[in-house]
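Chemist: Sequences listed follow chains E and F, in order. With the first letter of the first sequence counted as 1, position 151 gets the number 1353 in this note's numbering; the numbers rise by one all the way through. With the first letter of the second sequence counted as 1, position 232 gets the number 263 in this note's numbering; the numbers rise by one all the way through.
Calculated from the structure, these hints are not laboratory results. Treat the hints with care, as some may be off.
A few chain F positions that, by computed beta-carbon distances, are all more than 12 Å from chain E [said to hold, decoys possible]: (1) Ala411; (2) Ala587; (3) Cys675.
Cβ-Cβ distance ranges computed for the label pairs, FRET-style [as the list claims (entries may be wrong)]: (4) E/Glu1452 / F/Ile673: 27 to 33 Å; (5) F/Leu91 / E/Arg1357: 55 to 61 Å; (6) F/Leu54 / E/Glu1452: 25 to 31 Å; (7) E/His1435 / F/Ala676: 28 to 34 Å; (8) F/Glu682 / E/His1435: 48 to 54 Å; (9) E/Glu1452 / F/Trp44: 40 to 46 Å; (10) E/Asp1433 / F/Ala660: 27 to 33 Å.
Covered, in the sense of this in silico footprint (three residues per stretch, anywhere, with C-beta under 8 Å from a C-beta of chain E), are these stretches of chain F [to be verified]: (11) 63-73; (12) 83-89.
This structure is a prediction, so every number in the text was calculated from the model and none was measured. Virtual Cβ for every residue (Gly too), placed ideally from N, Cα, C.
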Amino acid sequence: MNKQISFLNPEHLAPIRNLNLRTKAIVEGTIAGLHKSPYHGFSAQFLEYRPYLPGESTRRIDWRKYAKTGRSVVRLFEDETNLFAWILLDKSGSMTFSSGGPMNKYEYARTLAASLAWILIRQRDAVGLFAFDSAESLMLPPHSTAIHLTTILSRLSSLKAGGTTDCGRSLERLATTIGKRGLCIVISDLFDDPQAIIRGLRHLRFKRQDVMVLWVLDPMENQFANAGSLDVHDLETGGSVAVDGLTAWEFFTSGILRHRKTIEDACRSLRIGFERVVTDEPFQKALLRVLQKRRRLF
Amino acid sequence: MSGIAFVHPAFLWGLAALAVPLLVHFLNRRQTRKLDFSTLRFFSAAAKRTSRMRRLRRLLLLLARMALICVCVAIFAKPYITRDPFSALRNPDSEIFTFVDPTVSMDYRDRGTPLWRTAFDLLDTLNKLLPPAARRFTYNEARAEFVQEKAFARPPGPFVRHGAAPLDKMFVALSDARGGRAGMSLLVMVSDFQDNISRILDTQLVRCGNMPALCVSVAPHSPWNCGVRDAAVSAGARSVVTVQVSCLGKSLDSAGVTVTAGGMRVGHAMVSAKAGESCRVPVAITSDVQDPRGTVLLDCDDPFPDDNTFYFVHGAQQALRVLVVGEPDESFPVSAAFSSLGASQWSPVVRPVRAVTYNDIDSAALVVLCGVRQLSPPLAALVHGPSPGRKAILFSPATDSASAGLAGALLPSGSRSALAIVSDPTSRAIVLPDTVSPLFKGFRRLKDADAAVNRYCTGLPGGTLMLLDNGKPFATHLIDTSGNSWVLLAAYIGRERENVAAALPLFTTGLYVPLLDRLARYALSAIQKEPQVWVAGVPRQNPYFGAARGALVFDAGNRNISRWSSQPQVAFDAPGLYRIQPDGEPYYWVAARIDSSETVFAYRAPHVPAAMASRVKFLRADRFGAFVAARRSGTFSPWLWIACALLLIAETLLWEKRQLPAQTA
């Protein structure tokens, strides 16, 4: 029963170009590692059996089937959709930054979005996708069908990052279009004016949305360490500044801490989940943290 | 002379390493790394500061690194200020002159080690600390010059000797050795700096001129010494020897005093004395001692045993040489009178005026001018000219008719008197003005019949010693401008040339011999020539100089050690008893004692003239090594190390860190 969970690191998944396959590997590994499943199927209509996985509650094992066949299986039921979830993916130029790891922030965020969509649709929730930069570029309304998942995955696969960041306005724009209560998962590096971002988040909350923010950072952004003279080029605007490594470290470290604190404080006051995800950590870990946080918050 | 020099200038080649930080600086300027980053949001303020700060930081870092290299080079090269008077201790081209005090006080054993050995140990230390190329000179007393040596070597055997420190010769030799060169030089004098040495240096240090001097004192911290200062057979009773025992710094508890005569132990006593006291100890000796040689031995274990033995001679006195100037047939009563007083007392010699030489005058303690009518050049020099040494002169003018008017010219210079010869038909008796005066104490009372004169001189200068019964001075005394002690008689003491009808010629009376003895001793006492003491190592006038004869000198072991003949001055090398054997005369003994000034152990630093205060340093031995070592390490060594540490800190602070501290967002 104590099967050791092996996490899939981004460098292992990076060679898998097919987002569908990559997502499936992540999601199945993640669900297998959950000690308590966050989604419960209590529908009266039986759907199918599936093998029992270590970590699941033993209450759902079909003991009769076990007595007949000697195999531990879990019964799955057809559940009704009861949640409308939006995945808000930042696809601005800053998300393409990578300090040399196997995946840049956008790739990581896209995989994370696909995994979440998969999980949500697997538990019969309706999932919509909203990919944004300074101008809206993709908006798929929520549905809970399997075909919709395929659509999301294919659109995510073809979606390219670029443009400048306007996170706050994008959130507000989405908030104006959402009518039904649901869940919004924002996946972004949040390199925008923090007050604008907070305004957008507040607007989403006003529209009775449960909001979770996944702050995606590259390891270098998480822990800046560059000595010597630097000529820093902005991936979004193309501008550059010449800075001294030590000075840059001082300013970046203090600046990003201040930035995080501002947003995190606002999230706490708005009852918004805030999670920092670094692109060098395994997807399962990141997903588990997100799911556990989601269970605690809502 | 002012400026900076280096102990090890070869290390200055290390300044070539200054090129390294310069190279690093210019290479780093071009190394700007391009970094594509997600946002410039947090770098805009950094960029403003960077342009200024980076340039300033790099410049400061360059300066700090260059200064660090300079400081490191300086630490090894050891800079010093050449204005420092003792910079010769660092300079490889310097000349170091050393002088170790050879006086007997350096034989004091401080904690068992003689001071002179400590002095050479210090020079060994100096030898190791000096730059190898520095030239080392040691004063060689036998050659009276500074001798260049590879190292300050300690001579084999005992180093000290009796006698005064040869400071005068040393300064002359120092001047000769330097030869007017202006190079860096230093005189290192190692001594105990007893008061007698320091007293000489008080006036002689100026002879160093511009040369710095390092006076290193090896004087013991708490000296103590016991010794015999004096011993004499009590007057009138030869059965007691009075010994003076002194204690310095420590009390003496029941020490034995032994008196020997001629090698035989003749008396013994015990003595105790408190610290700082001096006591006289009477030692009873056997009464039938005939040997004049006496030795007193203090049985005491002290750090300076040289003065625990005292030598003396009793019953024997060296004869004083009397030069009687006058015609032999007229002045023979004078020489006969002095001869009759004993060969051990007086040694007269008669010379006619024209036969008197300078040597005759130099060798005589007393000159008797007996009826001299004219002066030869040596006599003229004695009477009127500058005199080489103070003499006692007994002047007796001729009172015959041929000498009338001449006697005044014979008086000493500065007296400005004129003698007039008086022929008195009445015989004049000699009277004493004061029978209790020191001069005539114990002299028998004169009677009228004792002596009478008919012809005499008036106008004698000086203070009256004796009178004639008519109130005219018969004997007067004066000290002339040359320091000679004159006793002037109004009457003639020789045999009259003319057949004068004298009532009672002086030389025929019983007064004659004791009168001459008293007057001669009075003249000698006025210039303090009477008691003479031989001190080991201290030269004295050769008693046989110019006497056309000599004497052999034997030590206590009867070994002939020298001959006194024509040398002006003679000396004994060590304290002891010496036998003097004059040619054709009986021998006599003399005792040479240790110089008492060497045994008092009073130490002080010499007074340094204000103008020389910066160039003369007085140090105790225990600080000498540190003083020299401090000079060897350069003037700025502590400051250089501090600067090095500060620059290293600055380097660390200014250095662009390659490993920035980890802090996650």
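Chemist: State for each hint whether it applies.
Modeler: Structure-based check of all given hints:
1. Ala411: At about 104 Å from chain E, F/Ala411 clears the 12 Å cut-off, so the statement holds.
2. Ala587: holds, 93 Å
3. Cys675: Correct as stated: the minimum Cβ-Cβ distance to chain E is 25 Å, above 12 Å.
4. E/Glu1452 / F/Ile673: 27 to 33 Å: Cβ of E/Glu1452 to Cβ of F/Ile673: about 31 Å, so the range 27 to 33 Å holds.
5. F/Leu91 / E/Arg1357: 55 to 61 Å: holds, 56 Å
6. F/Leu54 / E/Glu1452: 25 to 31 Å: holds, 29 Å
7. E/His1435 / F/Ala676: 28 to 34 Å: Violated, at about 42 Å.
8. F/Glu682 / E/His1435: 48 to 54 Å: About 32 Å separates the Cβ atoms of F/Glu682 and E/His1435, which means 48 to 54 Å is violated.
9. E/Glu1452 / F/Trp44: 40 to 46 Å: holds, 41 Å
10. E/Asp1433 / F/Ala660: 27 to 33 Å: For F/Ala660 against E/Asp1433, whose Cβ atoms are near 56 Å apart, the range 27 to 33 Å is violated.
11. 63-73: holds (count 11)
12. 83-89: holds (count 3)
The structure shown violates the earlier hints numbered 7, 8, 10.
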